[in-house]
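Asks: Protein chains in written order, with this note's numbering: chain A, 753 to 1003; chain B, 10 to 77.
If you're looking for bench data, these hints aren't it; they were derived computationally from the structure.
One or more hints might be untrue.
[To be verified] DEER-style ranges, computed between Cβ atoms:
no., chain 1, residue 1, chain 2, residue 2, range
1, B, Lys32, A, Arg833, 34 to 40 Å
2, A, Gly970, B, Ile37, 15 to 21 Å
3, A, Pro890, B, Lys57, 40 to 46 Å
4, B, Asp54, A, Pro890, 28 to 34 Å
[Claimed, not checked] In silico lysine-lysine, DSS-like type, Cα no more than 25 Å apart, as pairs:
no., chain 1, residue 1, chain 2, residue 2
5, A, Lys941, B, Lys77
6, A, Lys937, B, Lys41
7, A, Lys759, A, Lys795
8, A, Lys934, B, Lys32
9, A, Lys761, B, Lys77
10, A, Lys937, A, Lys975
11, A, Lys975, B, Lys45
12, A, Lys937, B, Lys44
All residues carry an ideal CB built from backbone N, CA and C; glycine is no exception.
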Amino acid sequence: MAVVFQKPKSLADVPLHYCPGCPHGIIHRLVAEALDELGIEGKAIGVAPVGCAVMAYDYFTCDMIEAPHGRAPAVATGIKRCRPENIVFTYQGDGDLASIGMAETVHSAARNENITVIFVNNAIYGMTGGQMAPTSLPGQVTQTSPYGRDVNHCGWPIRVCEMLATLEGPEYVTRVAVNNVKNVKNAKKAIKKAFQNQIEGKGFSLVEVVSACPTNWGMTPQKALEWVESDMLPYYPIGVYKDRSAAKEEK
Amino acid sequence: MAKVTFQTDLCKGCGLCVNACPKGILAIDTDKINKKGYSPAVMTDQDKCIGCAFCATMCPDCIITVEK
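The following block holds chain A by itself, in its conformation from the complex (with noise of 0.2 Å):
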């Protein structure tokens, strides 16, 4: 018997912290087979986040460096640009990245930094307690946002990938989700995508993935993952928002 499918070797051998359901598992996997099958991971650095992939230095088996709130693509930078023969990624969240780390983000997609971002959008801030987050709906409730986020106050949420798209610098952002097989396997796709326009030295590659919470939406793993499907797709739908490459090759 052939093995079909099994744990990846980039990732660690360990119990993951995070609550039953939650897709960050997933994407740490994806991530990892990414590594994997691109033969880099000897050379990666990742770049952990503040949230609840703080701990993401635990679970991958290449280099890992913890950041300041926010700061990972200005750490990523720093070590690019000192190591340029490294591939570095960062993985955050939407607190940290849309959030605090919104000037960092812009800006080194701005300069076109040769890095890797993958961006965890779940619409909520995770590891605080389940405060609102800069990407949470209009109506969503949170524990600030009791009676639903109310946009007159808190103001609209912002879509990080239609921003980016519409500066010059950026090579490849695109989103993708995990909330179902296909999903999930075209996520693999555009993570692995993001790697290798880091090694083709192409420049700043950004993947969103459309995550879940179900703890702090309150609902079951499964119910979480139709919440995707029906409330955030439609406001963040997936899609490919800029690849520089295909668009020249287009022309």
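Following the hints, put chain B in place on chain A, whose structure we already have.
Replies: Below, chain B without anything else, positioned relative to chain A:
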């Protein structure tokens, strides 16, 4: 014939594999409790398994190995 094995002690009983299985042969065994204190997912009918690995694709804790 395909074979699915679970690292049962690491299962958190989220049930995403149960919902992903096209043959409907996985279940959460509420009679059992693993080391973590969760009721784990179990295979109910190994013979019907087609080895599609959908369960392993959706497993957030990467505890499923699929052989075919």
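Asks: Assess, step by step, whether the Cα of lysine 937(A) is no farther than 25 Å from the Cα of lysine 44(B), and give holds or violated.
Replies: This hinted pair is violated, its Cα atoms lying about 31 Å apart.
Asks: Verify the CB-CB distance for proline 890(A) and lysine 57(B) against the hinted window 40 to 46 Å.
Replies: holds (45 Å)
Asks: Is the hinted pair lysine 759(A) and lysine 795(A) satisfied, with a Cα-Cα distance of at most 25 Å?
Replies: holds (20 Å)
Asks: When you take the CB atoms of glycine 970(A) and isoleucine 37(B), is the distance between them in 15 to 21 Å?
Replies: holds (20 Å)
Asks: Check the hint pairing lysine 937(A) with lysine 975(A) against an upper bound of 25 Å on the C-alpha distance.
Replies: Status holds; Cα separation ~20 Å.
Asks: Can you confirm whether the C-alpha distance between lysine 941(A) and lysine 77(B) stays at or below 25 Å?
Replies: Given pair lysine 941(A), lysine 77(B) holds - Cα atoms ~23 Å apart, limit 25 Å.
Asks: For the pair we were handed, lysine 761(A) and lysine 77(B), check the Cα-Cα distance against 25 Å.
Replies: holds (20 Å)
Asks: In this structure, is the beta-carbon distance linking aspartate 54(B) and proline 890(A) contained in 28 to 34 Å?
Replies: violated (45 Å)
Asks: The hint says 34 to 40 Å between lysine 32(B) and arginine 833(A); measuring C-beta to C-beta, is that right?
Replies: About 51 Å separates the Cβ atoms of lysine 32(B) and arginine 833(A), which means 34 to 40 Å is violated.
Asks: Taking 25 Å as the top limit, are the C-alpha atoms of lysine 934(A) and lysine 32(B) close enough?
Replies: holds (17 Å)
Asks: Checking one constraint from the list: CA of lysine 975(A) to CA of lysine 45(B), max 25 Å. Satisfied?
Replies: The given pair, whose Cα atoms are some 23 Å apart, holds under the 25 Å limit.
Asks: Taken at face value, is the distance from the CA of lysine 41(B) to the CA of lysine 937(A) at most 25 Å?
Replies: With Cα atoms ~32 Å apart, lysine 937(A) and lysine 41(B) exceed 25 Å; violated.
When held up to the earlier numbered hints, the structure conflicts with 1, 4, 6 and 12 and fits the remainder.
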